[in-house]
Amino acid sequence: MREAFRQELKDLKAEVVSIGKVVTDRTRDAVTSLVTGDVDLAETVVAGDEEIDRRTLAVEEHSLEVIATQFPVARDLRLLHSLTYIALHLERMADLAVNIARAAKRTAGRRGPQTLYDLIQAQGNLVYRVLDATCEALETRDVELARKLQDLDEPIDHLYKQFFRELARLHDEEDIEWASSMVLASRYLERIADNAVDIGERIAYLVTGEFEALHSPDEETA
Amino acid sequence: MALRATPVPDNAPNKITVKELDFFYGDFHALTDITVDIKEKAVTAFIGPSGCGKSTFLRCFNRMNDLIPGARAEGLVSLDGQDIFETGVDPVDLRRRIGMIFQQPNPFPMSIYDNVAFGPRLQGVSKKAELDEIVQHSLERANLWKEVKDILGRGGLTLSGGQQQRLCIARVLAVEPEVMLMDEPCSAIDPTSVQKIEDLMAELKDRITIIIVTHNMQQAARVSDFTAFFLQEVAGDPAILVEYDRTSNLFTSPKDRRTEDYITGRFG
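For the record, the sequence lines run as chains Y and S.
This note's numbering numbers the first residue of the first sequence as 2 and each following residue consecutively.
This note's numbering numbers the first residue of the second sequence as 4 and each following residue consecutively.
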């Protein structure tokens with residue numbers, strides 16, 4: 002009985018890690034579709050959201066079922082509670098990736114200054130690094146890595162701010178709709194990384210049992 | 004049942020203080036180096052595997068172990084600052100102040116009324132009106148009055164197990180104890196009665212301090228404000244107090260790996 006329960010916990014955790022990896026791939030595809038103007042790739046990101054929604058909801062339902070029937074406590078309870086919380090974050094991150102893919106569809110066929118594409122790509126590369134680290138920290142219960150996510154997130158915020166500065170240099174004749182779509186995409190990337198930092202705090206909690214000071218995004222990016 | 008709306012404050016006074024207590028049954032060293040403060044008007048649960056000394060420890064508080072030949076305690080147990088092992092302490096008076104409920108309900112073979120009036124009568128209360136009032140009040144506090152008010156003359160043993168246990172609680176309450184020790188009070192009764200007794204504990208702690216030994220960890224988590232985890236690590240060695248904390252902490256983030264392993268069912 003207890004063995005089956007432990008296996009269920011393992012399976013649930015593996016499922017959340019797996020969802021995390023899918024969200025990482027979707028984010029990568031969304032950024033690629035934006036930078037290369039690949040509408041088909043953007044479509045697959047949008048279409049894939051339903052699967053993420055379904056899987057994260059299943060994690061929540063399954064967690065509740067285990068809580069109701071097995072009365073988990075201590076690290077088992079922290080794991081179940083945290084997995085539900087993490088799944089919710091992943092679901093939001095997937096929604097943000099969809100928003101980036103929608104921006105890709107809106108801007109496809111128009112080209113703006115290359116520096117802004119380069120900035121988005123650079124920001125994207127940093128975000129993938131945060132997402133990979135998040136999945137690894139959850140999979141291996143690595144508290145140090147989980148805590149490091151906040152540091153990894155910082156340059157992403159800087160790039161978002163730099164994006165604004167670059168935008169200010171645009172001339173009147175530039176395409177405003179294109180520009181605002183790109184700003185939003187940069188903002189979505191920054192939010193994806195913030196969600197990952199929150200997941201990192203949750204991973205630290207599930208391992209240590211201590212709620213650490215919660216990261217609060219500064220006002221400009223909130 | 005009502006959730007713990009207001010947690011017991013950190014500065015709540017200690018009702019019972021235990022310092023460096025060791026306990027022996029003859030040559031057998033049952034408990035060692037137990038130090039713990041039991042908070043007043045709170046429910047404290049003792050948990051741990053069978054044979055870990057939690058009932059032995061509970062029985063120290065009202066010196067029930069005195070009745071066992073060869074049993075002896077070393078160290079300090081004080082009630083409101085008064086050492087209960089001191090020679091001047093009358094164990095009978097101590098047991099009035101610290102009442103006890105056992106696993107198996109044990110009403111006396113007499114009427115419901117006489118069961119509850121037994122203690123007050125021993126204390127010298129003889130006026131019928133006064134006894135009537137104590138009996139009704141105690142049965143009300145034990146949430147049994149409505150069920151028995153018309154059959155007070157009937158034998159206590161004719162009640163159901165759950166009612167018998169509440170009758171025993173009323174019998175203890177009739178002598179106005181300050182502390183109630185409960186040794187597995189719900190192990191032998193049906194789930195509905197368990198619920199009633201758990202609700203009762205939440206109500207009673209407004210006025211008295213409750214210490215409960217339970218094998219049921221969900222029960223400890225539901226009813227108690229503080230939990231103490233006892234463990235005999237090696238067979239034959241004395242048991243120790245591994246961890247003592249607020250129940251909400253102990254069941255979410257225990258500090259000791261042995262507590263974690265026990266409450267999550269990894270051993271024991």
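No lab work stands behind these hints, which were simulated from the structure alone.
Keep in mind that a hint or two might mislead.
[As the list claims (entries may be wrong)] Pairs of lysine-lysine residues, derived as DSBU-like cross-links and limited to a Cα-Cα distance of at most 30 angstroms, are as follows:
id, chain 1, residue 1, chain 2, residue 2
1, S, K44, S, K258
2, Y, K11, S, K258
3, S, K42, S, K22
4, Y, K11, Y, K106
5, Y, K106, Y, K162
6, S, K149, Y, K149
7, S, K42, S, K258
8, S, K44, S, K149
9, S, K149, Y, K14
Being a predicted model, the structure only gives us computed values, none of them experimental.
| request: Sort out which numbered hints this structure fails and list those numbers smallest first. | output: 4, 6 and 9
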